[in-house]
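Trainee: Sequence:
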Amino acid sequence: MNNFKQEVKEGRRTELYFGRKLELPAIMYGFGDVCQPRRDSVALLETYVIDFIVDLVEKCSEVAHERKRERPDINDLKFVIRKDKKKLNRVHYLLRMKRIIDRSRFAIDRHMLPIK
Numbered sequence: 000m001n002n003f004k005q006e007v008k009e010g011r012r013t014e015l016y017f018g019r020k021l022e023l024p025a026i027m028y029g030f031g032d033v034c035q036p037r038r039d040s041v042a043l044l045e046t047y048v049i050d051f052i053v054d055l056v057e058k059c060s061e062v063a064h065e066r067k068r069e070r071p072d073i074n075d076l077k078f079v080i081r082k083d084k085k086k087l088n089r090v091h092y093l094l095r096m097k098r099i100i101d102r103s104r105f106a107i108d109r110h111m112l113p114i115k
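FYI, numbering that gives the first Met the number 0 numbers position 51 of the sequence shown as 50, with every residue one higher than the one before it.
Keep in mind that the hints were calculated from the coordinates and are not lab data.
Please read these numbers as outputs of a predicted model, since none were measured by experiment.
A hint or two may mislead.
Stated by the list, open to error - In silico DSBU-like pairs for lysine-lysine, Cα to Cα no more than 35 Å straight-line:
1) K97 x K85
2) K85 x K58
3) K58 x K97
4) K58 x K82
5) K67 x K84
6) K86 x K97
Model the full structure from these sequences, guided by the hints.
Mentor: Spelled out as structure tokens, the structure:
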């Protein structure tokens, strides 16, 4: 068991990672919760989110280790979530958007270079 999970289980983890920055309350509101959700609701959701991310990264690391690599990459993530089409499609969409943004930035930077 990793340190974060152990701290949560023992009740030593009380501060919020995401809640202070208001990301999770805004997400909760976007999905139909009240405008200012209770702090304990945000803390519970945050625990679930962090637990999910930690488990996902652990699975990706195991896949990378089986492929004889030290670090997981995007292909390991795709392999782990391959059976969940919704998540896999979201990853593909975000990667496509990242490529578009990178190309746009490159084009803007190249266009903004001073002419000599």
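Trainee: Would you mind marking each hint as holding or not holding in the structure?
Mentor: Each hint, compared with the structure:
Pair hint K97 plus K85 holds up; C-alpha atoms about 18 Å apart against a cutoff of 35 Å. Among the hinted pairs, K85 with K58 is consistent with the structure: their alpha-carbon atoms are about 18 Å apart, no more than 35 Å. With a C-alpha separation of about 24 Å, the suggested pairing of K58 with K97 holds against the 35 Å cut-off. In summary, the hint linking K58 to K82 is supported, as the alpha carbons are separated by about 14 Å, within the 35 Å threshold.
As the CA atoms of K67 and K84 are separated by approximately 27 Å, the hinted pair is consistent with the 35 Å bound. Between the alpha carbons of K86 and K97 the distance comes to roughly 16 Å, so the proposed pair stays at or under 35 Å and holds.
Of the hints listed earlier, there is not a single one the structure fails to meet.
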